[in-house]
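2 protein chains.
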Amino acid sequence: MSENKIPYKIYLSEDEMPTAWYNLRADMKNKPAPLLNPGTGQPMTAQELEGVFCTELVRQELDNDTAYFQIPQEIRDFYKMYRPSPLVRAYCLEQKLGTPAKIYYKFEGNNTSGSHKLNSAIAQAYYAKAQGLKGVTTETGAGQWGTALSMACGYLGLDCRVFMVKCSYEQKPFRREVMRVYGSSVTPSPSETTNVGKKILAQFPGTTGSLGCAISEAVETAVANPGYRYVLGSVLNQVLLHQSVIGLESKIALDKYGVKPDIIIGCAGGGSNLGGLIAPFMGQKLRGEADYRFIAVEPESCPSFTRGRYAYDFCDTGMVCPLAKMYTLGSSFMPAADHAGGLRFHGMSSILSQLYADGYMEAITVKQTEVFAAAEEFARVEGILPAPESSHAIKAAMDEALRCKETGEEKTILFGLTGTGYFDLVAYERFHNGEMKNNSPTDEDIAKSLARLPVVKED
Amino acid sequence: MSENKIPYKIYLSEDEMPTAWYNLRADMKNKPAPLLNPGTGQPMTAQELEGVFCTELVRQELDNDTAYFQIPQEIRDFYKMYRPSPLVRAYCLEQKLGTPAKIYYKFEGNNTSGSHKLNSAIAQAYYAKAQGLKGVTTETGAGQWGTALSMACGYLGLDCRVFMVKCSYEQKPFRREVMRVYGSSVTPSPSETTNVGKKILAQFPGTTGSLGCAISEAVETAVANPGYRYVLGSVLNQVLLHQSVIGLESKIALDKYGVKPDIIIGCAGGGSNLGGLIAPFMGQKLRGEADYRFIAVEPESCPSFTRGRYAYDFCDTGMVCPLAKMYTLGSSFMPAADHAGGLRFHGMSSILSQLYADGYMEAITVKQTEVFAAAEEFARVEGILPAPESSHAIKAAMDEALRCKETGEEKTILFGLTGTGYFDLVAYERFHNGEMKNNSPTDEDIAKSLARLPVVKED
Numbered sequence: 000m001s002e003n004k005i006p007y008k009i010y011l012s013e014d015e016m017p018t019a020w021y022n023l024r025a026d027m028k029n030k031p032a033p034l035l036n037p038g039t040g041q042p043m044t045a046q047e048l049e050g051v052f053c054t055e056l057v058r059q060e061l062d063n064d065t066a067y068f069q070i071p072q073e074i075r076d077f078y079k080m081y082r083p084s085p086l087v088r089a090y091c092l093e094q095k096l097g098t099p100a101k102i103y104y105k106f107e108g109n110n111t112s113g114s115h116k117l118n119s120a121i122a123q124a125y126y127a128k129a130q131g132l133k134g135v136t137t138e139t140g141a142g143q144w145g146t147a148l149s150m151a152c153g154y155l156g157l158d159c160r161v162f163m164v165k166c167s168y169e170q171k172p173f174r175r176e177v178m179r180v181y182g183s184s185v186t187p188s189p190s191e192t193t194n195v196g197k198k199i200l201a202q203f204p205g206t207t208g209s210l211g212c213a214i215s216e217a218v219e220t221a222v223a224n225p226g227y228r229y230v231l232g233s234v235l236n237q238v239l240l241h242q243s244v245i246g247l248e249s250k251i252a253l254d255k256y257g258v259k260p261d262i263i264i265g266c267a268g269g270g271s272n273l274g275g276l277i278a279p280f281m282g283q284k285l286r287g288e289a290d291y292r293f294i295a296v297e298p299e300s301c302p303s304f305t306r307g308r309y310a311y312d313f314c315d316t317g318m319v320c321p322l323a324k325m326y327t328l329g330s331s332f333m334p335a336a337d338h339a340g341g342l343r344f345h346g347m348s349s350i351l352s353q354l355y356a357d358g359y360m361e362a363i364t365v366k367q368t369e370v371f372a373a374a375e376e377f378a379r380v381e382g383i384l385p386a387p388e389s390s391h392a393i394k395a396a397m398d399e400a401l402r403c404k405e406t407g408e409e410k411t412i413l414f415g416l417t418g419t420g421y422f423d424l425v426a427y428e429r430f431h432n433g434e435m436k437n438n439s440p441t442d443e444d445i446a447k448s449l450a451r452l453p454v455v456k457e458d
Numbered sequence: 000m001s002e003n004k005i006p007y008k009i010y011l012s013e014d015e016m017p018t019a020w021y022n023l024r025a026d027m028k029n030k031p032a033p034l035l036n037p038g039t040g041q042p043m044t045a046q047e048l049e050g051v052f053c054t055e056l057v058r059q060e061l062d063n064d065t066a067y068f069q070i071p072q073e074i075r076d077f078y079k080m081y082r083p084s085p086l087v088r089a090y091c092l093e094q095k096l097g098t099p100a101k102i103y104y105k106f107e108g109n110n111t112s113g114s115h116k117l118n119s120a121i122a123q124a125y126y127a128k129a130q131g132l133k134g135v136t137t138e139t140g141a142g143q144w145g146t147a148l149s150m151a152c153g154y155l156g157l158d159c160r161v162f163m164v165k166c167s168y169e170q171k172p173f174r175r176e177v178m179r180v181y182g183s184s185v186t187p188s189p190s191e192t193t194n195v196g197k198k199i200l201a202q203f204p205g206t207t208g209s210l211g212c213a214i215s216e217a218v219e220t221a222v223a224n225p226g227y228r229y230v231l232g233s234v235l236n237q238v239l240l241h242q243s244v245i246g247l248e249s250k251i252a253l254d255k256y257g258v259k260p261d262i263i264i265g266c267a268g269g270g271s272n273l274g275g276l277i278a279p280f281m282g283q284k285l286r287g288e289a290d291y292r293f294i295a296v297e298p299e300s301c302p303s304f305t306r307g308r309y310a311y312d313f314c315d316t317g318m319v320c321p322l323a324k325m326y327t328l329g330s331s332f333m334p335a336a337d338h339a340g341g342l343r344f345h346g347m348s349s350i351l352s353q354l355y356a357d358g359y360m361e362a363i364t365v366k367q368t369e370v371f372a373a374a375e376e377f378a379r380v381e382g383i384l385p386a387p388e389s390s391h392a393i394k395a396a397m398d399e400a401l402r403c404k405e406t407g408e409e410k411t412i413l414f415g416l417t418g419t420g421y422f423d424l425v426a427y428e429r430f431h432n433g434e435m436k437n438n439s440p441t442d443e444d445i446a447k448s449l450a451r452l453p454v455v456k457e458d
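One line per chain: the protein sequences are A and B, in this order.
Taking numbering that gives the first Met the number 0, I'd label the letters of the first sequence as residues 0 to 458.
Taking numbering that gives the first Met the number 0, I'd label the letters of the second sequence as residues 0 to 458.
What the hints contain is simulated information worked out from the structure, not anything from laboratory work.
The hints are all genuine.
Repeated chains share a single entry, so a pair holds when one copy, or any two copies, can fit it.
For lysine-lysine, the following DSS-like pairs were computed, each having C-alpha atoms within a straight-line distance of at most 30 Å:
(1) K79 x K133
(2) K79 x K8
(3) K404 x K255
(4) K95 x K79
Take these sequences, add in the hints, and give me the full structure.
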């Protein structure tokens, strides 16, 4: 094992790190459908979007043609604090599985936020600061995105107001406290600080909140306060652009050793990690330069790709955001209370949705208990305690590797290990105690929420 | 900043990593005093120690002359999973402080156990496995050592029985659950599984346990079960030997860039991190090849070096372990309930004690609230959320850097960042809420526990 020329971990030197993000849309023949104004049904203009988002981020959101965006030096300096993230050759896992497959994973958990979210958080905070804004607002559920944004704003000295779903605020005091370390104000949602919050509290006095409500409060706060904008950690085109740093680093590292993956696997919630990981490889495929299998892994409890419809829908349950065309289960779909909180989104990135519709990607679902079993097996041989979200990709990669064991094929598998599970130990405890169940929505559940999709005329 | 030739993080390649541990004792003129049998007052023999510890570890414990111990290939392979740890140039902290000083830190928190403890855990587990043992026992307080040992045993397929102080077992279910992920059995101490546990429960029915009691239970379990040995995560000579990997990597990384530190700083509890970090540099000083200032940083609440006595004492409060000569506050000393759990040990490594007695090191104390303020300042500019223990070194390094700002000196400072604070957020919360106090023992407190030191005749 140790004689192998490929090290356990491939780190890039600073001068090997990417200097530009790659915009996958530039190489797509069928561009992702534009965001629509829910009032008029017309594509959102830059001017409309700039009321909510930073100017430069709107430009990035709408640009389907520019292939590369230079990463500003300040963001590259921040990236140097926790990047390059290691590309790990999973020698120990391969040995444990007895597979001829070669497994690599890109580990994005080596930072205090514990996930890849920081890659876009620093970019969005940077452009807000560069525009002379005072601060940003956002929502957070489990808290990973809120933590990442807090770190970025703490570094830049930008005010950060986080609306945290009330039940998480109360059940995850540690997450809340990390955000306070970085200087953010954290408000349990619904709150009395916004009109939408007051209205919901009057209507449902005992409510513990929802992500949809927290989004609405964050947007209202951004719009109501001069010098503030709203930021979002997934789904958007701009977020996938920033996250391309994951795939770019992976590709540079693999190219150094002449390794070409056969299969690339990522978990898929809103799509930011998967979109970032596959970006440069998918670009090659779109340009006809190379071929890869891409596999999106969804939880059985929230199967947007595999059981959703490709249609225009609201991004938020509160229905205040623009409409996006995507694979969706309907914005009123309520996934079971599974432990991969980051994958419980009803829709999917418009970019990935178009690629999936055009046949460039596959998608599968996995069961929660099997995901935790894979996570534990992985932790024992590779050392890292993975987040439940990331463990969906682990499970799929292990299954592919075991298939290679049957067939004798020496395939090369690359998967994204998006984060660590230090704040998910309640879930691990339930798994150990045999209290964890698998949850699959019925066809009726899905049909019911799909029946409420907004009616949109497409050209 | 970015033009500077020294990168933000220096990683060694696999072939630059140390292949042997360095035994500081080989270069000490005054060797550390031997462990004594508390019954006879005579030095512990290898045979006596082998009833409790693995044979190879006893050899390492007693060897004051061999300068280098080869690191077995299996341990080197395990190290590759999470090492080399990055040596970070703290550009952002320097800029924030406006200091001409150059600050480096060696970050040992990039693994699931969250600290440097894993460096010795894998070594101790490996030798137990190589000796054909079935398993190991240990105690854990806050849980870092227990987690590290669980990871090592999970990897090697060795049984691991952890006695966890009952109040931690109940208050830190997450730590307990991480150990279960890695396959360890975790027993709240005191327990009904040992004679000493039963006795204590009979005497103090409602007790929430103590580290001293957990040690006693772990030792009894190891001795009572064929094929089991007891392992310990700090204080011992063997542990400092394993931890020398921290200093060796640091020195190789600095040498690559022609950097020589002026001041080397580490927090000091039992001394394993500090001893490991300074090892190769102290070796140079002992051989007269180079000079450095070494600073041990203690909490004001548990000042072994600065207010203790250099004398023989029990390593454990239960008084079942051998006597060690060390700076001690007395084994009956009860430090205030400060949040740096890893620094609440009444004594100090015999190696470091001898070096301090001989004038090769300095020691200072810092106040808890100042430590947390420094931790937060550090987190915001360097990104990493530090453990309270590690933050003692941060505080001291920042103070030295600010002194350079006054004098205009461009000193180079190296400090050890031993771990992350993900499981210490209750402490951060108390700090944010202004509920944290500083605790300094009175002279009477210390005199009282020192009066109970065992009477030992030294030659």
